[in-house]
Structure formats: structure tokens, C-alpha cells
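Note that the protein sequences, when read in sequence, are chains A and B.
At position 178 of the first sequence (counting the first as 1) the number is 178 in UniProt numbering, and the numbers step up by one without a gap.
At position 166 of the second sequence (counting the first as 1) the number is 166 in UniProt numbering, and the numbers step up by one without a gap.
Hints in this document: simulated from the structure, not taken from any laboratory.
There's no promise every hint is true.
In this list, chains with the same sequence are indistinguishable; a pair is considered to hold if it fits within one copy or across any two.
Pairs of lysine-lysine residues, derived as PhoX-like cross-links and limited to a Cα-Cα distance of at most 25 Å, are as follows [as the list claims (entries may be wrong)]:
#1 K21 with K53
#2 K279 with K221
#3 K258 with K137
#4 K160 with K102
#5 K89 with K34
#6 K58 with K285
#7 K186 with K110
#8 K102 with K186
#9 K160 with K58
#10 K186 with K160
#11 K186 with K142
#12 K142 with K102
#13 K221 with K53
#14 K21 with K34
#15 K285 with K160
Quick caveat, the model's predicted, so the values are computed rather than measured.
Protein chains: 2
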Amino acid sequence: MVEIIVAPNAGFCFGVKRAVKLAEESSHLVKNRKRVFTLGPIIHNPQEVGRLKSIGIKPLENEELQEGDAIIIRSHGIPPEKERELKEKGLRVIDATCPYVKAVHEAVCKLSQEGYFIVLVGEKNHPEVIGTLGYLKECNGKGIVVESMDDLQEAFRHEKVGVVSQTTQSERFFKEVVGELSLWVKELKVINTICNATSVRQEDVYTLAPEVDVMIIIGGKNSGNTRRLYSIAKSLNERTYHIETSEELNPSWFEGVKRVGITAGASTPGWIIEEVRSKIKEICKEHSYC
Amino acid sequence: MVEIIVAPNAGFCFGVKRAVKLAEESSHLVKNRKRVFTLGPIIHNPQEVGRLKSIGIKPLENEELQEGDAIIIRSHGIPPEKERELKEKGLRVIDATCPYVKAVHEAVCKLSQEGYFIVLVGEKNHPEVIGTLGYLKECNGKGIVVESMDDLQEAFRHEKVGVVSQTTQSERFFKEVVGELSLWVKELKVINTICNATSVRQEDVYTLAPEVDVMIIIGGKNSGNTRRLYSIAKSLNERTYHIETSEELNPSWFEGVKRVGITAGASTPGWIIEEVRSKIKEICKEHSYC
Numbered sequence: 001m002v003e004i005i006v007a008p009n010a011g012f013c014f015g016v017k018r019a020v021k022l023a024e025e026s027s028h029l030v031k032n033r034k035r036v037f038t039l040g041p042i043i044h045n046p047q048e049v050g051r052l053k054s055i056g057i058k059p060l061e062n063e064e065l066q067e068g069d070a071i072i073i074r075s076h077g078i079p080p081e082k083e084r085e086l087k088e089k090g091l092r093v094i095d096a097t098c099p100y101v102k103a104v105h106e107a108v109c110k111l112s113q114e115g116y117f118i119v120l121v122g123e124k125n126h127p128e129v130i131g132t133l134g135y136l137k138e139c140n141g142k143g144i145v146v147e148s149m150d151d152l153q154e155a156f157r158h159e160k161v162g163v164v165s166q167t168t169q170s171e172r173f174f175k176e177v178v179g180e181l182s183l184w185v186k187e188l189k190v191i192n193t194i195c196n197a198t199s200v201r202q203e204d205v206y207t208l209a210p211e212v213d214v215m216i217i218i219g220g221k222n223s224g225n226t227r228r229l230y231s232i233a234k235s236l237n238e239r240t241y242h243i244e245t246s247e248e249l250n251p252s253w254f255e256g257v258k259r260v261g262i263t264a265g266a267s268t269p270g271w272i273i274e275e276v277r278s279k280i281k282e283i284c285k286e287h288s289y290c
Numbered sequence: 001m002v003e004i005i006v007a008p009n010a011g012f013c014f015g016v017k018r019a020v021k022l023a024e025e026s027s028h029l030v031k032n033r034k035r036v037f038t039l040g041p042i043i044h045n046p047q048e049v050g051r052l053k054s055i056g057i058k059p060l061e062n063e064e065l066q067e068g069d070a071i072i073i074r075s076h077g078i079p080p081e082k083e084r085e086l087k088e089k090g091l092r093v094i095d096a097t098c099p100y101v102k103a104v105h106e107a108v109c110k111l112s113q114e115g116y117f118i119v120l121v122g123e124k125n126h127p128e129v130i131g132t133l134g135y136l137k138e139c140n141g142k143g144i145v146v147e148s149m150d151d152l153q154e155a156f157r158h159e160k161v162g163v164v165s166q167t168t169q170s171e172r173f174f175k176e177v178v179g180e181l182s183l184w185v186k187e188l189k190v191i192n193t194i195c196n197a198t199s200v201r202q203e204d205v206y207t208l209a210p211e212v213d214v215m216i217i218i219g220g221k222n223s224g225n226t227r228r229l230y231s232i233a234k235s236l237n238e239r240t241y242h243i244e245t246s247e248e249l250n251p252s253w254f255e256g257v258k259r260v261g262i263t264a265g266a267s268t269p270g271w272i273i274e275e276v277r278s279k280i281k282e283i284c285k286e287h288s289y290c
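Take these sequences, add in the hints, and give me the full structure.
Right, dumping it as C-alpha cells:
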């Protein structure tokens, strides 16, 4: 009998899981004839967005919002003035902002109150960063977003600098920014707000890939974090395959196989992982060679 | 007429200059038949230590200290319990601890009081570091000295880490330590206590060496900071020479020379620099070719 091991941190991170759960739970509103929207696609996975649509929860497009509608703030969060606007319209606001993102909002305000000029390490146009900047403004803080080392110049003029990070920031760049700042400013306070979701997913692969005969990576072919998982696994186990859904599984991969490892990128829902697992079992049963 | 330009930051740093001045000023005690000692050689320059000896101020060796003797704490500083001991013996304590070193003592206590575990980036056996550790103990702080990245492990177990530096620490290593820590601890506070004496001396050379015909670097042949000044200058100006005293000046170096630049390592007293300047003028006068 083939043994199938799913990596402990495969698929959705904590914040996305929580946001999807909150969205699902709001389906009772749909039953009560309320309209429920998400402010942008809740996750970059068309299958999952489609599944939520089928239970009446859809990304806001051109619809005119009306009093009584429910609106779900997705895990990235939004600026507080935007949230107030929604509430003032008489909407029911369901806040699915990731708690790790909320921690960044709190950190920028805490550091500002302590007199630090904020360096937010992250992508200028990322919705999470836009939300955090809103909180910084709200608590009368000053700061900049640092996307490349060139952006740092402005921070050097300040004596006290506080550093936080977009939750999905790369550790390497964060480390470089903090090191450089430590030479230029008198007092530096760093609150590391990088979420470990990406790194634990990669650590799983380092452990699992060498211990199995075949390794399956599930996730969008254009998803950066999934491709990285694939390349780590491939370097440790030649029989590694990257698929988006169970339909891409090729029975020949499993001939004579005793142990299969599975992991998935952060935007892959659990039910797609489950489908892949079942399909592999089915293949083994059908061909009786694994 | 030859033009001789002495780099603005040549020779003694602020702290050493101040310590030597305090030592010189204590010669009035010698006149009043008091004995005056320095706790270790006040500077690593035998000529300067010899000069101070000649006015009665000598490094403590095997002498038994007696009530009424004066003792000079050199720029590195000492642990507070050691200072108390000296005072309890009825000695007159002259504290020539560098103010930048005092700032490190204050920083470790401030950070400890704020709940940070201290990382002191520096050399474990350096007298400055030993002094600072004494202050850390005095204010009930906890911490470690980090000399290599391996030493950092212990700090990773702490949620709040405060970083300071030995004043003469290399910026490159400090930056590396701070960057690495930022990934491991929840909250990091950095007070950069590196003194810029070394870097400003180097910056002087970057500016001066390309603008002169001949560049003279004065300082111990075994002095790390002087050798570094020499290698920077040499890379910018082929006609760069490293000497310890004016006696090593070779008249042939100055043939047809219009501009001479001079700088000196941190342990070279001003009067040795002055001797070199005079000697070059003399050479030019004698040979009338510069």
C-alpha cells in the first residue's frame, strides 16, 4: 500500500484559512437574502473563488453597495479611513484582516508614539502595505516604504528609526535593510513582522522531499512561492512534479512507488490537496503497482 | 615652496587626546610630590608614554599604591567595582574614560532597564569590553559579548535583544550581527556606539591622497589602523610612504614635489606629526627641489 504524506504546512496559511472560514460563515447572511461581497478576490485561486461564488459570496465588481449589504475585508487589510467609509454607508463589515497584518498596524503606531520614523520594508503597491500606511497616517506617524536599498536614503536623516515589515517580505532583504540602517541612525528599533508561513512551507520540503520516492507540489504555475517549493524539492529529489490540479497526475509517475510526499503553495485550498491525495490512491489501486 | 597638508583627523582620536591632556594636567600633583600612575599604558605609542614618564606620569607596574597617590583611568574605562576599589584605597582617581565609551556604559544600562538582553559586539578580552560588562552587571543586566557569528546563538533565545558595540568595532561585522538578529528575535533595539574616529581617518585619505604628489602615513608598522590607511592611500597614489618617525623620511621622495599630504594612525601623537612636517620643509629647503 502506498503511503501518502501531506506536509504539515501545505497550502493556505493561517490568515487565508481564517479569511475563507469567515467568508463561508457569512453564507447565513446569504440565506437571509443579504448580499455578501469580498473587497477584492479573497485568494488568488480561481477554483476557490468560484466555490465561494457558488454559495453566494463574490468579489465586489461594479455592484453599487447598499445599506445592509455585507462586505468582507480580506486578509491583506485596508486603511482605517476606508473601513470607516464602509461602515458609514451602513454596511455590515466583516473584518478578515490577518492577525499578523494587524500586528504590523499596531507596531507602526507603537513605534511612532515612541518617536521613531518608520521604515516599512515591503512593496509600495501591495494592498497590505497600503493598509499599513493608512494606520501610520491615522496615528500621526511618519515613515517610508522601502522596496530597494535606494529608498533608504531618506531614513538616514532621522536619529530614531523603527523598522517593520510587510508580512510576506523576504528575510534576506529585510536583514540587509536593518543592517545598513544600524550604521546610519543613532537608535534603531526593529519589530520583525515577517510571517513565517513561507519559510515553514520551505522547511517542510527540505524534510519531506528526501524521504519519499515521489514528491508532488500543488499550486499555480505562475505562483512564485509554489515555484520556489518546486525548485527546492527538485534539488533534493529528482522525481518531483509540479501540478495545478489532480487532473495533471500521470499514473506512470507512481510505478513501484512506496512513499509519496505532497505539499502546496499558500494559495492552494485544502480540498484541492485532498483531491490530489485521493487521485493518487485511486491510481495505485487501479494499476496495483504502488 | 612645497605645500604640506595635514589631514584634519590625523593622529589621536578625541578620547585619547583628552586622556593625554588629563594626564599632562596631573603633573601639578607631581610638583606637589604626589605619585601619579596610569592604569596601563595610556596609549600604544612608546614615544608618548616615554614623554609622559619624563614629566613623572608612568604606567603602574609593580608599585604598591598608597593613600594619596593619583591613578589615571585611561580612555578604555574600567568596571565600576574596580573604580570603587581604587577610591576605597584612598587614591585620587582621575577618570580619563572616553566619553564615547561612557555612552556605551549608559546604553547597556538603559537597554537592560527596558528589558532587553544585551548583545555587545566586540572583542571578549578588550579592556573596553571588560569595563562595559562591569557596568552591565552593576545595573543587573544580562548579556553576551559577540566576537563571531557563532557567539550569537545564545541571543536567539531571547524575545527582546538590545545591541551596542565596542567603540572601535568594525562596521561590517556590526551590520552583519544586527541583520542576523533582526530575523531571530521579536524586538530588537540597536544603539550604534561605534566611534567614527576610524572611518573619518579613512575618509580623509580618500580625499587627500589623490590630490597630492606624495602621501606620508605615520604610525606603528604593526598598527592595524595605520596599515589600513596606508593601503587605501597606496591604491590612490603610487607615491605613498609609511613611516614611524621623521627619521625615516627619504629626501629623494620629494624631488620636484609641490604638494605633500600627511596623515597618522590613531596612536600617533601630534608632536610626531609636527616633527614630520618640519623635517619635510627642511628637506625641501636643503635640496631646493620642492
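Right, here's what the structure says about each hint:
no.: 1; hint: K21 with K53; result: within (14 Å within a copy, 81 Å between copies)
no.: 2; hint: K279 with K221; result: within (20 Å within a copy, 74 Å between copies)
no.: 3; hint: K258 with K137; result: neither (56 Å within a copy, 59 Å between copies)
no.: 4; hint: K160 with K102; result: both (23 Å within a copy, 20 Å between copies)
no.: 5; hint: K89 with K34; result: within (15 Å within a copy, 86 Å between copies)
no.: 6; hint: K58 with K285; result: neither (39 Å within a copy, 91 Å between copies)
no.: 7; hint: K186 with K110; result: both (19 Å within a copy, 14 Å between copies)
no.: 8; hint: K102 with K186; result: between (28 Å within a copy, 16 Å between copies)
no.: 9; hint: K160 with K58; result: neither (44 Å within a copy, 43 Å between copies)
no.: 10; hint: K186 with K160; result: both (6 Å within a copy, 18 Å between copies)
no.: 11; hint: K186 with K142; result: both (17 Å within a copy, 22 Å between copies)
no.: 12; hint: K142 with K102; result: within (18 Å within a copy, 32 Å between copies)
no.: 13; hint: K221 with K53; result: within (23 Å within a copy, 77 Å between copies)
no.: 14; hint: K21 with K34; result: within (18 Å within a copy, 83 Å between copies)
no.: 15; hint: K285 with K160; result: neither (64 Å within a copy, 54 Å between copies)
Of the numbered hints listed earlier, those contradicted by the structure are 3, 6, 9 and 15.
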